[in-house]
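Following the hints, position chain B against chain A.
Protein sequences, first through last, are from chains A and B. First residue of the first sequence: 1, per my numbering; consecutive thereafter. First residue of the second sequence: 1, per my numbering; consecutive thereafter.
FYI, nobody ran anything at the bench for these hints, they're computed from the structure. Accuracy of the hints is not assured; some may be wrong.
Identical copies look the same in the list; a pair holds intra-copy or inter-copy alike.
[Stated by the list, open to error] Only pairs whose alpha carbons sit at most 20 Å apart, straight line, appear in this in silico DMTMM-like list of lysine to aspartate or glutamate:
(1) Lys113 / Glu291
(2) Lys206 / Asp127
(3) Lys40 / Glu76
Protein chains: 2
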Amino acid sequence: MAIFDSDAELMDRRDLAQLQLERLQATLHRVYKNVKFYKKKFDEVKFLPEDCQSLEDLSRLPFTTRRDLAESYPYEMFAVPLREVVRIHSSTGSPGAPIVMGYTARDLRNWAKLAARVLTAAGVDRDDVVQVTLSYGLLTSAFGLHYGVELLGASVIPTGPGGTARQVGIMRDYRTTVLVSTPSYAQVLADQMEAQGVDAKNMHLKLALLAGEPWTEEQRREIESRLYLTALDHYALSEAMGPGVAGECEHRRGMHLQEDHFFPEVIDPKSGAILPAGELGELVLTTITKEAVPLVRFRTGDLCRLQYEPCPCGRTLARISRIQGRSDAVVIVKGINIFPGRVGQILAGILGDEPLYQLVIGREGHLDYLEVKIEVREGLFFDKMTQQREFLLQLTRKLAEAIGVQPRVKLVEPNSIARDRETSPLVIDLRK
Amino acid sequence: MAIFDSDAELMDRRDLAQLQLERLQATLHRVYKNVKFYKKKFDEVKFLPEDCQSLEDLSRLPFTTRRDLAESYPYEMFAVPLREVVRIHSSTGSPGAPIVMGYTARDLRNWAKLAARVLTAAGVDRDDVVQVTLSYGLLTSAFGLHYGVELLGASVIPTGPGGTARQVGIMRDYRTTVLVSTPSYAQVLADQMEAQGVDAKNMHLKLALLAGEPWTEEQRREIESRLYLTALDHYALSEAMGPGVAGECEHRRGMHLQEDHFFPEVIDPKSGAILPAGELGELVLTTITKEAVPLVRFRTGDLCRLQYEPCPCGRTLARISRIQGRSDAVVIVKGINIFPGRVGQILAGILGDEPLYQLVIGREGHLDYLEVKIEVREGLFFDKMTQQREFLLQLTRKLAEAIGVQPRVKLVEPNSIARDRETSPLVIDLRK
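Bound-form chain A, shown alone (with noise of 0.2 Å):
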């Protein structure tokens, strides 16, 4: 079984800490020194860079949470100045403005590295020929294993999204033996293949390497059965890099994270306390080789366990388990990271002030999609139909561009929406 850089994925679990520790070190005093939001964090708590003696030490500092981001647009949070940094990602979605991510061309380089490491984990060589189905542009998802492929060799196939009958096509004739999409996605692929009588069995396909959405073993089974081929899970994290965090081998006993680059925490949601190996808790990172925009015990808001029991594989980095939900009250649609508090914060841009609202989340097929209630108060409505779609065309149209994904925006008569949160939530999640 190929590794992609046995020296750090093979580490001596001793050497790993030391690493960890020596990087973490030269992590705290760049921030110290560089970001503002930091320093005023670590003197609140009285903490200065060489008071990191020990891994341990890190718990005493506060958390950093997508909020701390949101709230450093565009720039506040980067630790290198401008002309260092050689590409800008963002979220959309996020409470409050969206995050900006930087990177410089050593991180650029650490990450493909690190795709590199996760695709040669999933079984991808040189021979491989890649077809990258997801949204190339602000999101890090498709740009993160695309500079791995091309790292390892292997060929890869930028088709973007969309175009289904097409992607089936392409991934026929130029023989794809890899695809690299959401998991909801490989099903719609499973279904035009059927629409079009095109036989899984004799594509060229071997592995799918899914992730941008929570998705279940029952789905796995499906695709790898429908599709022909293994089905792997990763862990894209936007903020603190994008897809390469962590990744399944063939064994499939939960992610290996990069623990030579990410120093992970698994929390108590409630209370902030770190929980032992192997308890459900909220996983929170430590960068400690970024150099454009580190992070500092990063709330990732995802719950998932950390296992360090060896893994046949050989590699001795830790584990993460699937994702199993997340602390706060995000919802995932379409791969995109949806807040909903932050639609009433849009709303009541546009109305004035915030309306009662209510977003359902389902699936059609395979496709998720957002629909988004709005009472309406004396003045919401018109007299003319024509004034009225206008009204909630342009609603639509400024929700989607403020959340990243296109709504169906319903009027809904005055109390109709429960003011009762537990009879009537914000969010109703007809997917689960």
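Showing chain B alone in chain A's frame:
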């Protein structure tokens, strides 16, 4: 004035000619040995690779056309095994099947380097923040400059297309200095700024690198005065590489052609005879460093002039004039090459045989549209409106998938499209 690769860009022209000859000889040997298509072509004119003793000898070889590339779909033109290929791109809208482009790791390194040359010649340096609004995907356009920006050490923001209001926000907040887009999208952005009340003077924009569709000096002046920047032209030829083949320097005396990678000829499109420097004709390029898919005497279809007079910037590389038009019937809509005859083939595939049809191309605001008029025959009209609508939707979808542009399909009365190609040509281009 900065030059990215002065060894190559300022090379003595005799040294350049010697380098070109050596690279040409290596290329001819490689394609003769590895690509059946070239072996056959060379054999037909009794030409052996060792017969190439001077650059003039190249003219004894036949041309390679887009049709040749399409007929070799997908991998017949590849001069290296697929395992050497790390990237696959494709262009749509060609006659027959799509054209598939492959790149080895070295091809990609060269591509990034040549894109960095074009960017540097335009005045981009590592302090710049470059917003790429072109589409990332199977087409080469966005990726072409993206990798060049990274190599240069400037910052790239890969927004991709669309979301114009958001693009303006990013441009302002992220302090974008360089815009990469099509000329028409630059105009759309200017409109959007006006609509949002954003004064372009207060942005940080200094440069726009525009290509991907025919544009004029009038458009350049309009874009420059509305966006308060310098707008420069470059040449993006997907089949040979993508963006990076040639680009303007600040002196705007044509686009410097990367002659150490592409050997140019300008021919009479009718007779195929080579024309002297300065005369208008069809550009023919031979790639002399490409490993994956080398092209010998590739007819670009683009009409321009070759100029060898010294440029004040010091670059000794020849220049090509602004592209003056096309030698074939191709029309460019929204940056996509459309071969009008291909539309007929697709319609024939759907309807059983080819109907009378006509393409009308125009511009609404700054955006191109394509209307496909189809003459109705017996059986093409349906009693039920819903059935007809469904049929139109299907036609539109299939055409959009095949040619890469969403057309407006219009069914017209029998005998309303005249048979006379003079008074009623296949293509009516209202943009001219």
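Here is what the structure says about each hint:
no.	hint	result
1	Lys113 / Glu291	within (15 Å within a copy, 25 Å between copies)
2	Lys206 / Asp127	within (12 Å within a copy, 44 Å between copies)
3	Lys40 / Glu76	within (13 Å within a copy, 61 Å between copies)
Against the hints set out earlier in the document, no violation occurs for any number.
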